[in-house]
Amino acid sequence: MTLTLEEEEDVGDLLNTRERRDYYGSSGEPQQPHDADKAEKSLSTLEHLKKHQQRSKGKRTHCCSDCGKSFTSSGITIHQRIHTGEKPFSCTQCGKSFTQSTILISHQRTHTGVKPYSCAHCGKRFTSSKVVNVHQKIHTGEKPFSCSDCGKSFLLSGQLKSHQRTHTGERTCSCDECGKSYTTFNNLMVHQRTHTGEKSYCCGQCGKSFTQPHT
72 MTLTLEEEED VGDLLNTRER RDYYGSSGEP QQPHDADKAE KSLSTLEHLK KHQQRSKGKR
132 THCCSDCGKS FTSSGITIHQ RIHTGEKPFS CTQCGKSFTQ STILISHQRT HTGVKPYSCA
192 HCGKRFTSSK VVNVHQKIHT GEKPFSCSDC GKSFLLSGQL KSHQRTHTGE RTCSCDECGK
252 SYTTFNNLMV HQRTHTGEKS YCCGQCGKSF TQPHT
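The numbering of the sequence shown is our numbering, which starts it at 72 and goes up by one.
FYI, nobody ran anything at the bench for these hints, they're computed from the structure. On a predicted model such as this, the values are computed, not experimentally measured, just so you know.
Each pair of labels, with its calculated beta carbon distance range:
no.: 1; residue 1: G166; residue 2: F216; range: 29 to 35 Å
no.: 2; residue 1: R242; residue 2: F281; range: 22 to 28 Å
no.: 3; residue 1: G278; residue 2: S145; range: 52 to 58 Å
no.: 4; residue 1: P159; residue 2: K270; range: 39 to 45 Å
no.: 5; residue 1: K140; residue 2: K167; range: 21 to 27 Å
no.: 6; residue 1: F281; residue 2: T211; range: 29 to 35 Å
no.: 7; residue 1: C162; residue 2: G229; range: 22 to 28 Å
no.: 8; residue 1: K158; residue 2: C277; range: 43 to 49 Å
Straight line, CA to CA, 27 Å or less: simulated DSSO-like cross-link-like pairs of lysine-lysine:
no.: 9; residue 1: K201; residue 2: K130
no.: 10; residue 1: K232; residue 2: K140
no.: 11; residue 1: K223; residue 2: K208
For every residue, glycine included, the Cβ atom is placed at its ideal position computed from N, Cα and C.
Use the sequences and the hints to build the structure in full.
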């Protein structure tokens, strides 16, 4: 950083003033050596405190009493709303509520049509930075979530959780109509079309409709 001559003089005056204060003290009387030692020790303690606070900032020191996960001091408050169901941020357009103000802001862009974040690879635009970051991994081929059982990797943590149920046999997605359970939400949605009669997939050659894309 380059200083102007005037700025250099100001800095010089400030340093000289501090040197005088170190020697004379606030009363104008010369400080005794032990007083200077005390002042230096206090300054050292303050610096250590600041460094400690900087190290602590961002550390996950707060544990959720409901699930045991760890968070920062600000993160724990937001996380606990998942357990309490609290959604204090509401959309003035449609009334939908959210746990965080940032999620509300992203949601409101679905009403305004504003998409401030664009993909560096294809230019496609998105309402939130998180969504564009996930989208860009499609181009890079990055799949950060890996299955500990078979090693298969996924783009999203939700995809990994759904996949892991194929190993455990856990079926958490149940049909409200007949009670039949599935390992993934997508499989449940396909099944529910047998009740609703919905056929979302249309053949481009003959026009026939189907409940699944691979029928």
